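As given, the protein sequences belong to chains W and E, one line each in that order. Read in the numbering used here, the first sequence has 68 at position 82, and its numbers run on one by one without any break. Here the numbering used here runs 183 ahead of the position in the second sequence, where the first position is 1.
Source of the hints: derived by calculation from the structure; they are not laboratory data. Quantities reported herein were computed from a predicted structural model and do not represent experimental measurements. Mixed in with the good hints, there may be bad ones.
Within a straight-line C-alpha distance of at most 25 Å, the following computed DSS-like cross-link-like pairs (lysine-lysine) qualify [what the hints assert, rightly or not]:
1. E:192 to E:254
2. E:240 to W:86
3. E:253 to W:94
4. W:86 to E:197
5. E:197 to W:35
Now for the letters of each chain:
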Amino acid sequence: AQSVTQLDSQVPVFEEAPVELRCNYSSSVSVYLFWYVQYPNQGLQLLLKYLSGSTLVKGINGFEAEFNKSQTSFHLRKPSVHISDTAEYFCAVLSGGYQKVTFGIGTKLQVIP
Amino acid sequence: DGGITQSPKYLFRKEGQNVTLSCEQNLNHDAMYWYRQDPGQGLRLIYYSQIVNDFQKGDIAEGYSVSREKKESFPLTVTSAQKNPTAFYLCASTAAGGDKNIQYFGAGTRLSVL
């Protein structure tokens, strides 16, 4: 079975501070991992993805994530957040043999001026 | 511009009424998906279709129906059997090939009950 856990439902952070949004997954086989962002009343858009290769993945808007197989984690980081980063962030996993992506419940990032 | 168009943006359902949410894509994607989003519950898969004239139930298909008569269209009907339809509905699609696992989303339809 595949599953994904986002440990924090809300993360408040001051503008220009660093942020880490945590994601852990469960799978017994190889995985593809994704982070999506959703702005209010909009659909989701892809921030970054890990399919294979380098474990450090860089995405749009200055975000990056690191795939850690031993800890089954794929945490999202940004060294300095901006007000415009206020949104909900979803981690997602697709395991080998599965046809469907499983999404986490989301983490709301609130950037405080 | 290529993308996924969902309509309407807002929809109201009366008791006992069926309503249909539209999803159209011009990305030439093979697979299409419907998700339901409720606060604090993330995205839950309702139905998905990998090719025309074929579709499978997702995790919460009860009270919903779909059709896939054309590659570019995947409408979702919320039937009167769905007792708690108020939610944000998202349609998505994926391409074949190297990027087949990346989902592209529409802007969503917010359904409320009158």
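Here is how each hint holds up against the structure:
For the hint linking residue 192 of chain E to residue 254 of chain E, the alpha-carbon distance of about 22 Å falls within 25 Å, and the restraint holds. Of the pairs offered as hints, the one joining residue 240 of chain E and residue 86 of chain W holds, with about 11 Å between alpha carbons and a cut-off of 25 Å not exceeded. Between the alpha carbons of residue 253 of chain E and residue 94 of chain W the distance comes to roughly 36 Å, so the proposed pair goes past 25 Å and is violated. A distance of roughly 32 Å separates the Cα atoms of residue 86 of chain W and residue 197 of chain E; the hinted pair therefore is violated under the 25 Å criterion.
Of the pairs offered as hints, the one joining residue 197 of chain E and residue 35 of chain W is violated, with about 41 Å between alpha carbons and a cut-off of 25 Å exceeded.
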